[in-house]
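Chains as they are written, first to last, in the numbering used here: chain A, 662 to 1093; chain B, 662 to 1093.
In short, the hints are calculated from the structure, not lab data. Treat the hints with care, as some may be off.
Which copy is meant is left open, because identical chains are indistinguishable; a pair holds if it fits in one copy or across any two.
What the hints assert, rightly or not - For lysine-lysine, the following DSS-like pairs were computed, each having C-alpha atoms within a straight-line distance of at most 30 angstroms:
{"no.": "1", "residue 1": "LYS939", "residue 2": "LYS964"}
{"no.": "2", "residue 1": "LYS1040", "residue 2": "LYS874"}
{"no.": "3", "residue 1": "LYS939", "residue 2": "LYS1040"}
{"no.": "4", "residue 1": "LYS1088", "residue 2": "LYS942"}
{"no.": "5", "residue 1": "LYS860", "residue 2": "LYS939"}
{"no.": "6", "residue 1": "LYS1083", "residue 2": "LYS874"}
{"no.": "7", "residue 1": "LYS1083", "residue 2": "LYS964"}
Protein chains: 2
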Amino acid sequence: MSSWLHVSDDSDFSVNNIPFGVVSCQQRRFCATRIGDYVVDLSLLEAEGLLDDALGSEAGRSGRRIFANPTLDTFASLPVETRDAVRSSIQSLLSTASAALRDNSELRQNAILPISSVTVHVPLTIPDFVDYSIFPAHALGAGRAIFGPDTPLPPLFGRLPMGYNGRAGTVSVDEAITRPQGQIRAFSPGREVSIGESKALDWEFEIGAFVAKPTAPGSVLSPSSAESHIFGYVLLNDWSARDIQSLEMVPLGPFNGKSFATTISPWVVLPSALAPFKVEKETAPELELAPAPEYLAEPAGAKTAFEIDCATSLHLASDPATPHLVSTANFRAAHWSFPQLLAYQTFSGARLQTGDLLGSGTISNDGPRRQGCLLELAKGGKEPLEVGRERRAWLEDGDEVVFSARAGPEGSGVGFGELRGKVMPAKNLTLV
Amino acid sequence: MSSWLHVSDDSDFSVNNIPFGVVSCQQRRFCATRIGDYVVDLSLLEAEGLLDDALGSEAGRSGRRIFANPTLDTFASLPVETRDAVRSSIQSLLSTASAALRDNSELRQNAILPISSVTVHVPLTIPDFVDYSIFPAHALGAGRAIFGPDTPLPPLFGRLPMGYNGRAGTVSVDEAITRPQGQIRAFSPGREVSIGESKALDWEFEIGAFVAKPTAPGSVLSPSSAESHIFGYVLLNDWSARDIQSLEMVPLGPFNGKSFATTISPWVVLPSALAPFKVEKETAPELELAPAPEYLAEPAGAKTAFEIDCATSLHLASDPATPHLVSTANFRAAHWSFPQLLAYQTFSGARLQTGDLLGSGTISNDGPRRQGCLLELAKGGKEPLEVGRERRAWLEDGDEVVFSARAGPEGSGVGFGELRGKVMPAKNLTLV
């Protein structure tokens, strides 16, 4: 399929994608899709009646508006069939075969805006953010970077997904990340404890999933029934101050070391856009993981993983214009699928709400430069990573981290866009 | 001060209290205060103009309504002076000296309702819930109940508050708690791992604090400036399935073992109501805790603790009408104040939002039956607690836990009301 709008061949946002987001322009905030370097104002398509067929009984229900809202909450809470029908309708309206939008010059003028003219926002209200660790290579590599090369995988890794609650209020689409301060334990041999700015600032490349329909209290999802409760996916940077985190992990887990910033890419890619790239999970037989218990199991051979190529580039403070590719990894190596994570939470009584965000944990594979964070790439600071002519144990002020990810082979036209974050110096903070 | 409304001598809700909450009655949800066994509809007092002086410039600001809302979010975000002025105004209207409400029979008829005629609700939208462990006796006792009598206090207990993110979407005012299921590790000698309903269900008696005014990103509060960011206090039961929790603690902290239920009392008691009961913290010199670092320190002799007597009663399934007092403790033994907790979070870059909820962690003192959870009272199941003629290692189906707490001496008329929760059998859950 191709579009009557110009989309460059290497765009993540071809007509095959049709992600959803929230933008503002001239004081007005609304829901939009993105195609190439344009955004399309969905509230205007809705007002024009162009989405009526797809919305079915949802359209005009006592004046209800789905897209003239400052979040995607209402749209995400609709049944999966309706969400998919809306995406298909937009796809049709933007494809070469359709004239309804193309030949309505007034509507085109108003509804189609260059991406440079809008500001992007967090797309949904996020009631809860849960961060997992579903990549065996990361669970193993992070443990070894901190506790030494003989550290084993947590013994229950194959039996239950490892997760913890993050700080939902910290999730943003900011591109400037202020270096945090706190009580820290140095990553140097003496491991001194002090108070000051973090000297071990790190990124974590993750994919996040937003919850669509809520669940009733007490209702338990299976991995199969959980699929329709996923609205879509974004890139997620779980910024981590390793030296703050180090003092918090025992006994209560991560806290202030991750609560200063969690950033996401603004365009939510729907499961239907990623459906062509579903594959079987890549297993790690050498780890001899116990099989998942029955309530979390997926049928043998089920295609519940996604072929998504992830890449991290670093722009050094000394040469901000030059990207250095420092790491690549494929999402397919995830040991658990997002539907399994939802099944896990609901089995023990958690209720899901629209907008709940789940993070995959750092996407790491086996092999050199296949890790999604510096903790692993630079072995906890012990083997600084070569980046161009410099070396990095941890991030320095002015460094910019750029994530990108694309589903399937080159040219599929389905990707996540970039998630950028630049490290700003710690503020000389005055107590107020 | 006394009221022209009947308030029994032992009520927690005298005219000295004036807490805030949200109730519904006949399909309408609104903000209210409680006095004795009545609630007062604040949206009607506001509409009548009776709160105009207190609200000052906030009143009628472009038709803005503070109390005709389904949450206290708007009211909580006002400056502390306005919140306190509103509380004082309501106090005056209900006191014997004032005729404005007493002699307006139509308004009285509509605005004053028996507590039995309304349904209570979670009073604020909760963007994030953070649970702490600020009582040394609990940090020590819980560790010893699990790991044995020689377990020391975490070494940094005096340097930084121990906390973790909880599940905000789980917070409710429900009085029926369904026993959760999950992957469990038994509290018996073999410590077998299995899947099924929790056999180690526990309560945790805590006090929760709601955040009032939000902070700007990057703004850091001192313990002193943080005070005005606290809206008020509630009782909080951090229900815990110890055998689910047991498998999760290493390395990421509590998760599903606490995400099935967190309940709070519905009436938010304001700091100004508790001001007469401020005292110096009760210290535990025998623990030789390191002093707090400067950015968290409070002046020597500062009255930053509250004299609040907490009591837990158990109604056994076999005899639901009989309360058995199983534990008492005083909140004064908290090692950290809530303003210190806010200072701690903001120092490392967390932004506060109106409605953020902070839990104190289990309120335990030294001595027999002075612990706020069964884990400590029954030593991890090893020494079941005598309750009437029965014994409890953990909660049984049909048991009802009742928390109450009162500030200062008997008859002060400032308390939190009851927080009740009854254990319902695990559901025979069908995967949907």
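Quick rundown of the hints versus the structure:
1. LYS939 - LYS964: So LYS939 and LYS964 pass the 30 angstroms test inside one copy only (6 angstroms; across, 61 angstroms).
2. LYS1040 - LYS874: neither (41 angstroms within a copy, 42 angstroms between copies)
3. LYS939 - LYS1040: Intra 32 angstroms, inter 50 angstroms, cutoff 30 angstroms: neither.
4. LYS1088 - LYS942: The answer is neither: 44 angstroms in one copy and 33 angstroms across copies each exceed 30 angstroms.
5. LYS860 - LYS939: Intra 40 angstroms, inter 39 angstroms, cutoff 30 angstroms: neither.
6. LYS1083 - LYS874: Classified as between; 29 angstroms across copies, 34 angstroms inside a copy.
7. LYS1083 - LYS964: The answer is neither: 36 angstroms in one copy and 43 angstroms across copies each exceed 30 angstroms.
Checked against the numbered hints given earlier, the structure breaks hints 2, 3, 4, 5, 7 and satisfies all the rest.
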